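If you're matching them up, the sequences are chains P and H in order.
Numbered by the working numbering, the letters in the first sequence go through residues 1 to 300 in order.
Numbered by the working numbering, the letters in the second sequence go through residues 1 to 342 in order.
The hints are simulated quantities; they were obtained by calculation from the structure and are not laboratory data.
Since we're looking at a predicted model, the values are computed, not measured.
The C-beta atom is built at its ideal place from N, Cα and C for all residues, glycine as well.
Possibly wrong hints are sitting among the right ones.
Derived CB-CB ranges, DEER-like [as the list claims (entries may be wrong)]:
#, chain 1, residue 1, chain 2, residue 2, range
1, P, S239, H, F303, 33 to 39 Å
2, P, R169, H, T316, 37 to 43 Å
3, H, E146, P, Q111, 21 to 27 Å
4, H, W88, P, F3, 35 to 41 Å
5, H, G148, P, D126, 53 to 59 Å
6, P, G157, H, W88, 54 to 60 Å
7, P, R190, H, E200, 28 to 34 Å
8, P, F3, H, A202, 42 to 48 Å
9, H, A280, P, Y219, 21 to 27 Å
10, H, F303, P, R164, 36 to 42 Å
11, H, F303, P, D179, 20 to 26 Å
12, P, R190, H, W288, 44 to 50 Å
One-sided excerpt, in silico: chain H residues whose CB lies under 8 Å from chain P [what the hints assert, rightly or not]:
#, residue
13, G65
14, E121
15, A123
16, L135
17, V143
18, L185
19, M285
20, W288
21, V291
22, L302
23, F304
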Amino acid sequence: MIFINQILQGVLLGGYYALIACGLSFMFGVMGVINLAHGSLAVVSAYALYVLADRFGVEPFIGLCVVAPLMALVGWALQRLVLERSARGGILVPVLSTFGLSIVLDNLLFQGFGADTRSLAPYIGDLSYDSWSLTDEIAIGKLAALTMAVAIVMLGGIQTFLNRTLIGRAIRATAEDPDTVGLVGVNARRVNAIAAAIALATVAVAGAFLGMRATFDPYAGATQLIFAFEAAVIGGAGSLWGTLVGGVVLGVAQSLGALVNPQGFFIAGHIAFFAVLFARLFLGRFGDRVRIALSGAMRA
Amino acid sequence: MSASKAAVERWTPESRIAIGAAAVILVVLALGPSIFSANAVDKLTTLFIYVILALMWNALVGFCGLVSIGQQAFFGLGAYAAIRLANWGVSVYPSLFLGALIVGALSWPLSIVMLRLKGGEFAIGMWVVAELAHLLVNLDTLVRGETGTSLIELDAYASGSRRALTYWCALAAMTGLLAIVFQLLRSPLGAAIQAIRDNEEAAESIGVRVASAKRLVFTLAAFGAAMGGALWVATALTFQPKAYFNPLWTAYMIFMALVGGLGTFEGAILGAVIFFAIEAWFGAMGVWYLVGLGATALVFALFFPRGFWGWVEDRTSLRLLPIGYRLRLASPTGAVADRPKT
Chain P
1 MIFINQILQG VLLGGYYALI ACGLSFMFGV MGVINLAHGS LAVVSAYALY
51 VLADRFGVEP FIGLCVVAPL MALVGWALQR LVLERSARGG ILVPVLSTFG
101 LSIVLDNLLF QGFGADTRSL APYIGDLSYD SWSLTDEIAI GKLAALTMAV
151 AIVMLGGIQT FLNRTLIGRA IRATAEDPDT VGLVGVNARR VNAIAAAIAL
201 ATVAVAGAFL GMRATFDPYA GATQLIFAFE AAVIGGAGSL WGTLVGGVVL
251 GVAQSLGALV NPQGFFIAGH IAFFAVLFAR LFLGRFGDRV RIALSGAMRA
Chain H
1 MSASKAAVER WTPESRIAIG AAAVILVVLA LGPSIFSANA VDKLTTLFIY
51 VILALMWNAL VGFCGLVSIG QQAFFGLGAY AAIRLANWGV SVYPSLFLGA
101 LIVGALSWPL SIVMLRLKGG EFAIGMWVVA ELAHLLVNLD TLVRGETGTS
151 LIELDAYASG SRRALTYWCA LAAMTGLLAI VFQLLRSPLG AAIQAIRDNE
201 EAAESIGVRV ASAKRLVFTL AAFGAAMGGA LWVATALTFQ PKAYFNPLWT
251 AYMIFMALVG GLGTFEGAIL GAVIFFAIEA WFGAMGVWYL VGLGATALVF
301 ALFFPRGFWG WVEDRTSLRL LPIGYRLRLA SPTGAVADRP KT
């Protein structure tokens with residue numbers, strides 16, 4: 001029974017990973033940029049919500065109405081000031097510049113808030129600990145369920161937006177070929193800035209859930225980046241629904257690993273990541289061989 | 001312009017002087033422990049380790065185009081391997097080198113998987129490698145989790161001879177790695193590696209064996225970072241996994257390579273010296289020092305991606321080391337024009 005509970009909790013944890021990976025995966029899929037400051041920006045959002053709640057008594061969910069648009073503006077600025085210029089220097093420069101940015105953000109947070117860990121849990125009342133009991137041993141936390149629901153709505157919303165709206169189609173077209181879209185009247189610079197703004201708004205939401213479900217400190221960004229990256233790669237980088245699957249795989253692996261060893265939580269997550277990578281390497285070749293054999297057989 | 005007046009040259013008067021000066025500096029440095037104060041010897045040992053780290057990251061990124069945020073994996077594993085071997089009874093100084101060799105050997109199979117990742121995915125993928133290596137090292141009872149351990153076998157040496165031996169080990173490792181990278185860049189393989197950085201598909205199309213060339217540089221960079229970690233534990237004596245597997249080490253490497261000059265041999269050395277000086281002046285400022293390092297790396301990445309030495313190379317035809325070839329043409333007016341070629 002503990003086994004089933006652990007899997008269930010892992011699935012729900014996967015909802016959080018999908019949430020944090022959403023912006024990273026979206027930016028990578030659309031703009032081909034991996035933003036290494038992604039985790040740090042989520043932590044910045046969590047601190048912003050913490051300040052609103054602590055100093056001004058604004059509840060995190062209401063605070064998000066302020067912080068998400070602000071982070072969207074940050075995304076716009078990030079694209080215009082850093083990513084656009086970096087991308088001109090080749091595919092390596094964005095990695096270096098966003099890593100530099102993450103070091104600046106982490107240490108500024110440390111300077112401003114010190115080493116104490118913070119949490120948004122005290123500001124959301126009983127949502128942080130309430131749960132529905134299914135059996136004596138299995139309970140579903142309300143916050144975890146809400147996280148999963150928000151992840152599904154957000155991923156689905158972005159997918160629909162990309163498929164159905166004019167600007168969504170412009171974003172996908174720009175991802176395909178930024179030079180050619182100019183010929184049909186799309187302003188690629190503007191489209192990329194909008195995409196970055198959307199990505200960072202999702203980062204604000206992820207930051208809110210990071211703060212509500214656990215504690216965070218100024219250097220928590222690196223871990224968030226790594227979890228987001230693992231979820232995105234396991235799910236197939238750039239694919240939004242894949243990101244949800246990736247998050248769930250990561251969450252379940254970690255929950256099961258935690259049963260084996262106290263450090264097993266992290267180790268199992270990383271091993272799941274490498275296992276998927278290795279499988280793709282090996283099965284990819286295997287798949288190629290099958291395809292070649294089949295086409296050979298068909299010709300014969 | 002007649003063909004007879006054109007010549008391809010590698011050695012120039014400046015590069016002869018530079019190599020001569022480097023030889024003199026090396027001889028002086030080799031006598032270091034008997035000339036310099038104890039404090040200066042310690043400082044120079046640190047500088048040598050920085051040069052190793054900058055050189056190795058620069059080789060990986062500047063020459064091969066592989067940005068890794070996970071070189072702290074090898075730095076930490078190098079230190080751990082030295083401690084592990086010394087604990088098993090291997091003589092302590094040989095264990096520094098042997099440990100680095102083992103880590104380098106292990107990085108070869110790792111490269112087969114990791115090099116399948118491209119660009120930013122490779123960069124963070126290496127970070128995951130570092131995290132996993134950190135967690136696995138913590139499982140060794142010798143390390144005692146985050147509490148860490150120390151290289152107690154070094155206590156067998158008196159502090160004076162320990163200082164001198166560590167210094168010579170660092171100097172030897174730095175000189176050896178500089179020589180390896182120097183020879184590598186002068187060889188046809190060096191040209192192949194830089195071709196991969198500039199355009200992988202084009203390089204492959206003219207017959208460069210991309211996969212094996214990348215693997216070789218990856219392994220060399222892993223060995224070098226492990227060597228740096230092993231030497232660091234010999235100077236610091238204590239080993240706390242969190243301090244060694246910290247991505248800040250990669251941030252330092254990026255800073256040195258980027259500010260000195262990405263993709264230039266001289267730039268790595270210059271970057272290490274600049275970083276060493278900045279750390280000496282501003283290191284005590286703590287958090288603001290780190291903010292400054294990150295901001296400088298960001299500004300250099302955006303506005304001066306070729307760093308200080310790249311700036312010098314772009315504006316003057318100065319090449320201190322005979323690595324590339326250059327074409328010397330006699331112009332119609334009779335003046336000699338330099339055309340550096342890297």
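Hints, verified against the model:
no. : hint                           : in the structure
1   : P/S239 with H/F303: 33 to 39 Å : holds (35 Å)
2   : P/R169 with H/T316: 37 to 43 Å : violated (51 Å)
3   : H/E146 with P/Q111: 21 to 27 Å : holds (24 Å)
4   : H/W88 with P/F3: 35 to 41 Å    : holds (39 Å)
5   : H/G148 with P/D126: 53 to 59 Å : violated (41 Å)
6   : P/G157 with H/W88: 54 to 60 Å  : holds (57 Å)
7   : P/R190 with H/E200: 28 to 34 Å : holds (31 Å)
8   : P/F3 with H/A202: 42 to 48 Å   : violated (53 Å)
9   : H/A280 with P/Y219: 21 to 27 Å : holds (25 Å)
10  : H/F303 with P/R164: 36 to 42 Å : holds (40 Å)
11  : H/F303 with P/D179: 20 to 26 Å : holds (24 Å)
12  : P/R190 with H/W288: 44 to 50 Å : violated (36 Å)
13  : G65                            : holds (6 Å)
14  : E121                           : holds (7 Å)
15  : A123                           : holds (5 Å)
16  : L135                           : holds (5 Å)
17  : V143                           : violated (12 Å)
18  : L185                           : violated (19 Å)
19  : M285                           : violated (11 Å)
20  : W288                           : holds (7 Å)
21  : V291                           : holds (5 Å)
22  : L302                           : holds (5 Å)
23  : F304                           : violated (10 Å)
In summary, the numbered hints that this structure violates are 2, 5, 8, 12, 17, 18, 19, 23.
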